[in-house]
Each structure stands twice: as C-alpha cells, then as structure tokens.
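Protein chains: 2
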Amino acid sequence: MARTMTCSGTDNLRHKTAVIIGSGNVATQLGKAICDKLNILQVFSPNLDNAYELSKVIGSEAINSISQIKCDADIYILAISDDAIEPFLKQVKCKNGLWIHTSGSTNINVLYGIGESQGVLYPLQTFSKHAELDFANINFLTEATSDYALNIIDSLAKATGSTNISHVSSLHREKLHVAAVFACNFANFMWTQADKILSDIGIEFNALQSLIEATLKKALTNGPEYGQTGPARRGDMKIITHHIESLDPYQAEIYKFISQKISEYYTSNS
Amino acid sequence: MARTMTCSGTDNLRHKTAVIIGSGNVATQLGKAICDKLNILQVFSPNLDNAYELSKVIGSEAINSISQIKCDADIYILAISDDAIEPFLKQVKCKNGLWIHTSGSTNINVLYGIGESQGVLYPLQTFSKHAELDFANINFLTEATSDYALNIIDSLAKATGSTNISHVSSLHREKLHVAAVFACNFANFMWTQADKILSDIGIEFNALQSLIEATLKKALTNGPEYGQTGPARRGDMKIITHHIESLDPYQAEIYKFISQKISEYYTSNS
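Residue numbers (the numbering used here), protein chains in the order written: chain A, 28 to 297; chain B, 28 to 297.
Hints are computed from structural coordinates only; laboratory data are not their basis.
Model, not experiment: these values are computed from the prediction.
Warning: the hint list may mix true and false statements.
When chains are identical, the list treats them as one kind, so a pair holds in a single copy or across two.
DSSO-like cross-link-like pairs, simulated, lysine-lysine; straight-line CA separation at most 27 Å [said to hold, decoys possible]:
id : residue 1 : residue 2
1  : K265      : K43
2  : K117      : K283
3  : K117      : K64
4  : K97       : K244
5  : K120      : K265
6  : K59       : K245
7  : K83       : K64
8  : K283      : K223
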C-alpha cells in the first residue's frame, strides 16, 4: 500500500528538472533518494570536487559558480548549512521555478523574492553522507507558499520512500528543531560524557546499551517526565556529592548543573 | 545453550534460604525472577503492606520489624535505597549468611561486620515495579569477599535469566553508575525538555522517536563523541541565539549551558 501511494504520489515529478544546491550529508542522501524520479540537471557546491562526487552518482553536471546555475529548472533544492542560505540567495538571480530549503531552523520567508514559488522540505533526521538510511521511517515536515508547490514538495518527500509527511508552519518547524536539539544533540553529549567515564576504566560505551534502550522505551511509552529516575530526581544528596567528588572539574560542573535543574523542575512541577 | 548454562549454573542455590530486604522496584523484579530457584523465607519492609504485596507473589512471610528477621538464612539480599543501607545495617544483629547489596553507588565495605561473607549484585538497569523485564539483556555487575560468595551471587544473576555477568570492583561499579546517570537520567531529562517544547505546539514526543533512535545507533556504532551534530557542535551562533530567544528562561538557561559545554569540549579536544 505504501508503494502504491509512493508511485501515484510522485507522478507530478515526471519530466520535472531540478538543481541541487549543496553536496553535504543532506544533499547527498536526498539527491540519491530522488534522482530516479525526476531529472537532476546540476549539483552546485563552492567546492567542485564535492559537487562532482555527488553529481557522478546521480548523473548530473557538477558546478561551483553561482552564475552557472541554470535558471530554467522547475525545482531548486537548497541543502546547505543554515548560515550559508542567506549569503547564497543574495547572489542568485533566478526568477523562475520552485525554490525549496531543507533547514529546520530557517523561516520560509528567507526565500521570498527568489523564483516563482517557495517551500520547505525538512527531514527530521540526523544525516551522514555514506550511512544507509531507511527513508520510510523519516518524518518530513513540509511547507509552501501555494498548494501547487506543497504538492510538489510532498511528492519529493514521498519519492524518498517516506510515508510520514506533515504540513508544519515555519514557527512549529523551528520548535521541532529546538526540541530535536535537546532530544538528540544534548542527549548525545550526555552519552559522550558517559563514554569518557567508562573509557577511563576500560569499559565500552555499549555496556550501557540495554539500559539506554530501556530508558528510551519508558520515555516513549509513558513520557520522559514520568520516567525520570536517579539521584537528582530522588534528591539523594549523599550520592550526588559522592558522584561530583569522583568526576573531573569539567564533568563535575555538568553533573552539578543538570542535577540542580532536575531538582528545580520536579520541585516546581510537583 | 543459554538455558543449559542458567540451569547448570544455579544448582548451588538449591535448598538455600534467603531473605529479601526491601519491597521496591528492584526487590520486586529480582524477587520474582529468582523465587523458584531458592527458598525465600521473608520479605522485610518498614511498610508491612508493601512487604505483603511482594511476599504473597513469591510465597514468603512479610515482616516490618528488623528484630523479626531470621538470622539463620543462607542469603540476605538488600534491595533498598542507597541512603537506607547504612541506617538499616546499624540495627541488624545477624552474624551468619551471605549479605548482598544491589546498589550501583555503594562500596562493598558498607557490609563489613555483617554476616559471614559479603557481596554485591548490581543490575545495570532501570526498574519499574510492574513492567515486564527481559532479564536476558540485563548486565549484572558482581563482587564478593570470597570465591564461594561470588559463585553464589553469579548464580543469583544467572537465575534471573541474565547471561551478562561481569565481576567489577566497587570503584569500577561506582564509575559505571555515574556513567549511567549521564547516559540515562540526564539524557532522559533532555527528552523531557524536548517533550515540553513539543507539547506547546500539540505534537507528541514520539515524533522524535526515529531521530533519537538514529542518534543512538550512531553513538553505539562510532562512539557518541564522533556522532555529535547540531548548532553547538558547528558553532552556529545565529541558530543558537535564535533558539535561546524562542525558549522560556528555564530552558534557555539549560540550552545556553550545554551549548557552551559542547563548544568547550570540542575546542579542547580538537
């Protein structure tokens, strides 16, 4: 059923042409996932080698100068770092086509004045250039300035194999992005600290795998607020003091700060 | 094979008697998992109702006075909160048997002077009283004052169905425990903040499930240090400032602190 939906939902991409701006993790994974559903004319990157690496895989031209970008394509997909979007757009002269960015944190407004219509295709996922990705499980958050544009963007998401596509305003997408920073980037940083502590005693990080998975399962089932355990949640000052004494000053500062915040959270929400 | 190992490995528990001190999450799950491998005489809890709740499931006597504890049992399993261990031990008069605590953070020394031998049976896991647990995946960290005691304690771990048993000194177990605080308690707190941000816009926490699972998979495969992404890792001050402005003061303080620490970490380790 998912397959039928994907096929019937991407007919409107047939005979469409596209340009990919960027050659990093998102550009690479997205480009590979959609390249047989439409005709990707060019891959642009300031670094020609990087542009070439992707373009040879998806069968298109590699370019490294903004003036070389063809202005008669149907779709332009910006998959460059958030900071690079505005400087890039200031130099582009194209007045045609649907312009799409793939950033979680960037308002759709940034695209106004470029092309004919504008939109956002944000994959709520962490990307590596060469890892195998199962797009079926990736949530795409989409937004556009017209129904026609939204339809095309949803088809691009479907073309990857994803069946989780949600229409989300720029404001809500930005909230989702900051939530993802807490849930993934900050959680990962806590895992890094755990890994450092364990490496001191010759134990590998995956000794904690079953424990982390159980914690995540509880968080997904009952909500993380209710699954909170540990010395800070219990207010067990003896263990907290003992742990802080056992850590180096950098980790002790993190431990102290977060324990204090957990304590504040449960005091003010109890 | 696992089954054979479990059976042959727990023969030394047959005809042994035990007393469980505590009736909380660990006492309940551990008691249920081992009760058909040895004879559990008593469950002690200061709260008789709680002691009774567990004792009726595992077929033993419920008691709530320390003086009622039988001093001729073979094994005593303390599964009470870390803070309660020392005050409890000060009141116990028993000079016989193997005394075991189940705490990650408590040194084996706390048991010296009680019983004939001492040990630790620490399940590296987060427990709920009524959740179904797959003990096969739980790592047990064990330690004892004699080979005989260590043998009995390993058998108790095997009796639960676990096949992951490691002999770990008190010092290393304490390190593992503080690592688990970072990896689970602190990561879970980050998930709670993400959940709060999403609830403001009517989105459920499990919208982030696929993203969190991909982040964890990367951390387990390559080590979390190398999988770190996000604005703080990239030093993307524009997004960091934008995020901080969008958060309430409490969450903004957490965001600012952790971003600063990520930045320090990768500056000093680059």
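Comparing the hints with the structure gives:
1. In this homomeric assembly, K265 and K43 never come within 27 Å of each other (Cα to Cα): the closest approach is 65 Å inside a single copy and 34 Å across copies.
2. For the identical chains of this complex, K117 and K283 are neighbours neither inside a copy (45 Å) nor across copies (31 Å), given an alpha-carbon limit of 27 Å.
3. Taking the closest pair of Cα atoms, K117 and K64 never come within 27 Å of each other, the shortest separation being 30 Å inside a single copy and 74 Å across copies.
4. Proximity of K97 to K244 under the C-alpha cut-off of 27 Å is found in neither arrangement, the shortest distances being 48 Å within a copy and 39 Å between copies.
5. For the homomeric pair K120 and K265, the shortest alpha-carbon distance between copies (25 Å) is at most 27 Å, but the shortest distance inside one copy (64 Å) is not.
6. Proximity of K59 and K245 under a CA criterion of 27 Å is satisfied inter-copy only: 21 Å between copies versus 35 Å inside one chain copy.
7. Taking the shortest alpha-carbon separations for K83 and K64, only the intra-copy value of 17 Å comes in at or below 27 Å, while the best inter-copy value is 64 Å.
8. Taking identical chains as interchangeable, the C-alpha atoms of K283 and K223 lie at most 27 Å apart whether they share a chain (17 Å) or sit on different chains (22 Å).
This entry does not satisfy hints 1, 2, 3 and 4, going by the numbered hints stated previously.
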